[in-house]
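There are 2 protein chains.
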Amino acid sequence: MSAQQDTREKLIEAAMELFVYQGYANTGLAQIARKAGVLPGSLYYFFPTKEDLLHATLEARKRLLHPEVLQPIWESFDDPIERVFGLLAGHRRMLEMTEFKHGCPIGNLVLELAETHPHARALLTQNFEGWLAAVQQCFESAQARLPEHADARRLAVFVLTTMEGAVMLARSYRNFEAYDAAVVQLRDYVERLLADGTQNANSMSA
Amino acid sequence: MSAQQDTREKLIEAAMELFVYQGYANTGLAQIARKAGVLPGSLYYFFPTKEDLLHATLEARKRLLHPEVLQPIWESFDDPIERVFGLLAGHRRMLEMTEFKHGCPIGNLVLELAETHPHARALLTQNFEGWLAAVQQCFESAQARLPEHADARRLAVFVLTTMEGAVMLARSYRNFEAYDAAVVQLRDYVERLLADGTQNANSMSA
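Going line by line, the protein sequences match chains A and B. Taking the numbering used here, the leading residue of the first sequence gets 1, the next gets one more, and so forth. Taking the numbering used here, the leading residue of the second sequence gets 1, the next gets one more, and so forth.
The set of hints was computed from the structure by calculation and includes no laboratory data. Note that the coordinates shown come from a computational prediction; the quantities given were computed from them, not determined experimentally. Worth double-checking, as some hints may not be accurate.
Copies of the same chain look alike in the list, so a pair counts if it works inside one copy or between any two.
Straight-line Cα separation of at most 27 Å, DSSO-like style, residue types lysine-lysine; simulated pairs [said to hold, decoys possible]:
#: 1; residue 1: 10; residue 2: 50
#: 2; residue 1: 10; residue 2: 62
#: 3; residue 1: 50; residue 2: 62
#: 4; residue 1: 35; residue 2: 101
#: 5; residue 1: 50; residue 2: 101
#: 6; residue 1: 62; residue 2: 101
#: 7; residue 1: 10; residue 2: 35
#: 8; residue 1: 62; residue 2: 35
#: 9; residue 1: 10; residue 2: 101
Let's have the full structure, built from the sequences with the hints guiding it.
So, in structure tokens, the structure goes:
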């Protein structure tokens with residue numbers, strides 16, 4: 001990596017962290033430069049506006065989805081259904097490690113920026129889409145075990161709404177009661193789908 | 001209502017609306033006074049700090065839960081399960097009417113204030129608790145139709161996480177695909193619980 005690329009990456013990394021922990025509006029360019037250990041002039045060279053930097057962090061998150069979010073979970077679980085619940089456990093771990101400060105980086109920014117930053121909003125939905133495609137694929141891999149009319153895309157959306165809502169309640173209550181309750185109910189739902197799917201498979205083979 | 005009380009209510013109403021539409025940090029006291037049609041001096045008399053006003057709006061939301069949020073839905077539906085889905089439809093309608101600007105007022109503020117405003121955070125969870133208690137009661141009223149081990153509190157939490165996540169995705173995508181998908185899956189889950197509950201009731205009476 002060239003020195004220039006290295007500086008750019010450092011700025012993106014610093015901005016990503018600050019936007020998550022303090023929000024976009026509360027983060028200043030000078031603070032980002034300081035955290036990255038980069039001179040302000042360098043920051044302005046790469047990112048003339050704070051919005052340019054925001055867009056770069058959201059592009060980076062799209063690239064990092066597979067290596068940083070999915071891959072570690074995929075390596076821990078072979079079963080596609082367990083991979084889905086592994087993602088939910090991963091977000092819980094992140095909340096725990098950061099004492100509820102770091103929830104879902106995308107979700108936070110949606111509520112802050114949806115109204116005012118249309119280009120960022122588009123990048124945020126692209127991030128959701130990447131995550132949804134991965135979870136949809138898990139349900140598609142398990143399709144034979146699910147009821148005939150189970151819709152993998154809709155199920156993926158349901159997992160995402162559960163996760164975003166659970167993160168919000170965990171951050172609000174500063175405990176995991178709601179997070180765990182939501183996951184227990186989602187698990188109960190998926191178990192019922194699997195039981196129903198197996199029944200159908202049995203009646204077909206009978 | 002005295003003139004004083006009236007001024008106070010106007011300020012709370014104006015602040016409530018501005019905090020929802022633009023966020024807490026982005027709203028200034030002068031703007032609130034202007035919107036309420038009240039002199040700034042009056043505002044400072046009732047609410048010496050913006051935080052005092054924030055707390056007053058969150059107290060007001062607690063009081064408004066029954067008359068403004070629940071009552072209209074309760075009057076439209078007698079069936080406790082339909083009341084739960086009526087609440088989800090109500091939030092969808094609010095998003096539609098406001099072109100995705102007005103999601104869940106409590107959820108928005110949680111992500112903005114959870115880290116920095118501990119007293120507001122406590123009031124936000126009290127608002128969630130009021131909502132959860134009402135939905136829990138719906139499931140308790142339907143307990144005889146649900147499976148034996150169904151947990152009304154956990155189910156209420158699951159409805160809330162679904163709603164908060166669905167609102168977030170609707171605001172992000174500016175359409176209802178994800179919102180509707182999540183509600184379809186939640187409905188499928190509840191239908192399965194009801195079918196299972198009926199089965200149990202039949203086998204007991206048989």
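Evaluated hints:
no. : hint        : in the structure
1   : 10 with 50  : within (15 Å within a copy, 36 Å between copies)
2   : 10 with 62  : within (17 Å within a copy, 45 Å between copies)
3   : 50 with 62  : within (19 Å within a copy, 37 Å between copies)
4   : 35 with 101 : within (18 Å within a copy, 34 Å between copies)
5   : 50 with 101 : both (22 Å within a copy, 23 Å between copies)
6   : 62 with 101 : both (21 Å within a copy, 26 Å between copies)
7   : 10 with 35  : within (9 Å within a copy, 43 Å between copies)
8   : 62 with 35  : within (22 Å within a copy, 41 Å between copies)
9   : 10 with 101 : within (22 Å within a copy, 34 Å between copies)
Figure legend: structure checked against the earlier numbered hints; every hint is met.
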